[in-house]
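Given only the sequences and the hints, what does the whole structure look like? Please build it.
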Amino acid sequence: MRKDRLGVRLSGRGGQGVMLAGAIFATAAMYDGRHVVETPTYGPEARLGATKVEIVLADEEIAFPAVDRADLLLCLSRDAYAKFGRAVAPGALIIVDETAVPLTADLPAGLVRLPLRATARDLGAEMVTNVVALGAICRLSEAVTASSLTAAVAEAVQGKGDLRELNARALAAGMRLGAPAA
Amino acid sequence: MDGMRLVMGNEAVALGALAAGCDFYAGYPITPASEILEGMARLLPPRGGVFLQMEDELGALAAVIGAAWGGARAMTATSGPGFSLMQEHIGYAAITQTPCVVVDVQRGGPSTGLPTLPAQGDAMQARWGTHGDRPAIVLTAASVRGAYEATIQAFTLAEAHRQPVVLLLDAVVAHMREPVDLPPPPAPSQRRPVRSPEPPFGEHPFTPFGAGRPIVVTGLSHDDEGLPRTGSARASERMLRATEARMAADPALAGLDRYRLDDAQVAIVSYGVTARVARAAIDTLRQAGLPVGGLELTVLWPFPEREVADLAARVDAILVPELNLGQMVLPVRAAVAGRCPVTSLGRADGTLFQPDEVAEAVRALPAGTAMGRDQRHA
Chain B
36 MRKDRLGVRL SGRGGQGVML AGAIFATAAM YDGRHVVETP TYGPEARLGA
86 TKVEIVLADE EIAFPAVDRA DLLLCLSRDA YAKFGRAVAP GALIIVDETA
136 VPLTADLPAG LVRLPLRATA RDLGAEMVTN VVALGAICRL SEAVTASSLT
186 AAVAEAVQGK GDLRELNARA LAAGMRLGAP AA
Chain Y
279 MDGMRLVMGN EAVALGALAA GCDFYAGYPI TPASEILEGM ARLLPPRGGV
329 FLQMEDELGA LAAVIGAAWG GARAMTATSG PGFSLMQEHI GYAAITQTPC
379 VVVDVQRGGP STGLPTLPAQ GDAMQARWGT HGDRPAIVLT AASVRGAYEA
429 TIQAFTLAEA HRQPVVLLLD AVVAHMREPV DLPPPPAPSQ RRPVRSPEPP
479 FGEHPFTPFG AGRPIVVTGL SHDDEGLPRT GSARASERML RATEARMAAD
529 PALAGLDRYR LDDAQVAIVS YGVTARVARA AIDTLRQAGL PVGGLELTVL
579 WPFPEREVAD LAARVDAILV PELNLGQMVL PVRAAVAGRC PVTSLGRADG
629 TLFQPDEVAE AVRALPAGTA MGRDQRHA
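Chains as they are written, first to last, in my numbering: chain B, 36 to 217; chain Y, 279 to 656.
Be aware that a few hints might be false.
What the hints assert, rightly or not - Footprint (simulated), chain Y over chain B, 3 or more residues, beta carbon under 8 Å:
| hint | stretch |
| --- | --- |
| 1 | 58-64 |
| 2 | 88-101 |
| 3 | 135-141 |
Hint data in this document are derived by calculation from the structure and do not stem from the laboratory. Bear in mind that the values here come from a model prediction, so they are computed numbers and not experimental data. Yeah, the Cβ is synthetic: ideal placement off N, Cα and C, and Gly gets one too.
In structure tokens, the structure reads:
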């Protein structure tokens, strides 16, 4: 997914690590040498509520920092999908956790339903759902390179011992989820 | 790209403060300014500086003023509700000619309002919020690098004019991350007390306590020695007038950015995050062949009257988009003084303008319509 200006919106509920995912994704884009602006938005709640972070990737300097209709949308929760699911550009890639959207016939084209949370739980920690999601996004969209994303994840957990290994595994698992079925 | 790092606006404020030699921070946490406090709590103590979380915002600015007199380069940061509580002490810092920096990261109000969402509702409070009257310096910024540079400038201006300087940001600029390459901060630099025969107030440079002479600091109208003069001496008015004149003559206070303005027939005057929306709108309108440009305020107060008056003489119309019900449009109108129509575009629902919304507002101006027609015939 390569556009002159790519609008990315990552969403979920407070506590799912969406803000951190946004910072990691934006760092990866910076490592790729692109112009990037990342803007988090959240409600007054310390936990829960629908939260989102918007990242604009561009080849030129970015004036408007927000995303109107997203080219790439991640929804980790039902609330987030209800709130942001329709604010997408034509041809958008929409990646949702399987628990966020029931499997029905009328899902929009371009929607990919993945077991992101379940994969994180299988790794022993649901808190790495955000990194699993980043891996899947990277593989499905190619909006950032795998090497930059790997470096950005490592930077985010620098000095955090065991978490390094866990997050590396989460990223790899996410990339496998996003890989085209053989 | 080697030194590039993704930095949040609030983090850039903390780093800018360190770059300016700040060694004292007192504050009280509040969204969307808390990352400034968190940054200073992390950065200052290992460098030998002082970080204090106070009981409230009144205490925060009181501590900052006291620290300045103790030799510190001192600052605080807050959002609208805390900024209201600081207004009394902003007046106290003004009359006692105490250099200090107050950051207000604006959010939707009044009161708790929309506590996590952006607004530009404090533009007038920053100028007129304290009681009495005084000249004021209020800076703003539209990017992470801009926030860093404006913070450094705030300390320089506070020192030069011996006044509290306000840096007015908004929740978007404060929370956004952009890649910037910032130099490592220098070692902290205390203000040294200097033995000087000069009086401690008035036109004389700020010298903190400790030079061996008694200094009286009082909120009463006082003379250059600091002694209360509440009779006929008009001492405080003399000081305020002199400060105002010095600000008017300071080229650092003529802060403006121009965007595609040279041949513009319609101008958008904006500041903070709204200036970025305006840029996007201008690019769209330019692509359609409409000559529109932007005047971006980086110093809100003292208001750049002459520059806006000059602009009004050259363009057919001015649009002022703001995330409030219409505040800076008032000094714009006063400076334009009827030379061209000025239209306010206000929004106070915690939502950013979309570039198309601003572009539509330009097209809807009578001059915008004429401009479009001219282009079609051209």
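Original post:
Which of the numbered hints above does this structure break?
Top reply: 3
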